[in-house]
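Enquirer: Please work from the sequences and hints to get the whole structure.
Chains as they are written, first to last, in the working numbering: chain A, 1 to 248; chain B, 1001 to 1157.
It is possible that part of the hints are untrue.
What the hints assert, rightly or not - Each pair of labels, with its calculated beta carbon distance range:
id: 1; chain 1: A; residue 1: 138; chain 2: B; residue 2: 1023; range: 31 to 39 Å
id: 2; chain 1: B; residue 1: 1050; chain 2: A; residue 2: 141; range: 42 to 50 Å
id: 3; chain 1: B; residue 1: 1094; chain 2: A; residue 2: 24; range: 48 to 56 Å
Derived by calculation from the structure, the hints in this document are not laboratory data.
Since this is a predicted model, take the numbers as computed values, not measurements.
All residues carry an ideal CB built from backbone N, CA and C; glycine is no exception.
Here is how the chains run, residue by residue.
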Amino acid sequence: MTFNFTVSPSFPNERISDWYIFNTWLQRQLGLPIHLELHDDFGTQRQAIAEGRVDMIHANPFDASLLVREKGFRAIARPEGSPDEMVIVVAADNPAQRIPELPAGIRLACTDDPCVNTLGRILLEPANLDTGNIQELGRETYIQVTKALLRGDADVGFLPVEAFNGLSPLVRRDLRVLVTSQIQVIHHVFLIGPALLPHAEAITRLFLSMHQTEKERAMLTALGASRWQALRQEDVEFMIDILSTLTS
Amino acid sequence: MEDMPPSPGAPAGATHVLTHADGTTRQVRVTDIETPYPLGKLIVSRTDTRGIITQCNPSFVDMSGYTADELIGQPHYILRHPDMPAAAFRDLWNSVQAGRQWNGYVKNLRKDGGHYWVYATVVPNIRDGRIVGYTSVRREPSRDRVAAAEAQYREMR
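Expert: In structure tokens form, the structure reads like this:
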């Protein structure tokens, strides 16, 4: 049986090849056939989850909720050093200096990343802004969100911190961060589904020792992490409890 | 439960006696000083089923004015401000003990007698079908909503 592995589509495009390299390494280490399928967006990934076509996933926190609570997935580890934080950005010449100064009716550019969007909407609440008085402009990528701001098509944009920091200094000069989330308790997690549970111990052992050799450490760095951190099931349950408070 | 002594140099304020649902009373000192909500942060804590604090994040500690050691093991009502009507907390407990989520605007009391406003959501932690504790997450409220809550709580007191 070939197991299906996927990665939450929120990672930067330049890491696509790094995830394939990781998958090749994973297969060799575990001696298991694993097929990596990278989905273009959250919609197609959710479809794959709903159809049972995912056995292993580097999941964003919101998908982790669904997978752990409803699909019997188990947490293996989380990447250390990369909490899922986001920024609310405006064009540098936007008159608003603080979130409460944003007026009703603003145009918001964002992708379909549920984590970034949920945190962003919470951070807009002090301005009394919600779906009823925001004009949302969906964009496929964070580059397109940035372009919408620079062209004046949107007033504010939601970006992961990592994506914002990845912009060229020239582009960042024309943008201004109104707020950076400092949630700290929300992060991606690596999960395995019921079909892989018999291999849980071997997979966990492999992940937790991955940073110990130079070659494997380099592979981790390429994926944006310094090491995999052990995760108890209760840690994930707690994160899910926190997430459930953010969507109300 | 005994109150923590005020920090040296803390501003003077009015004294109130609070009676809690468990029948205990405590004297608290209250000032008009509001601490602004920390930008971009969430204040997170966890209690057992009796409302005893078992876990809290650094934002919770910072905003409360206590140290983490002073908070862990204390009842969550250590943060109760006398301006909060008892009915709001009754509603909270009735909701979460029934397994439902509770949301509301809350004025919390700091150790130094000051306060901070939050929009709080409390969820029961359900494991294997059983409530094993509660998680509370607070976020920054809009000032309009705080003003409305203040007016409503004044009428309820």
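Enquirer: Hints broken by the structure, by number, lowest first?
Expert: Of the numbered hints, just 1 does not hold.
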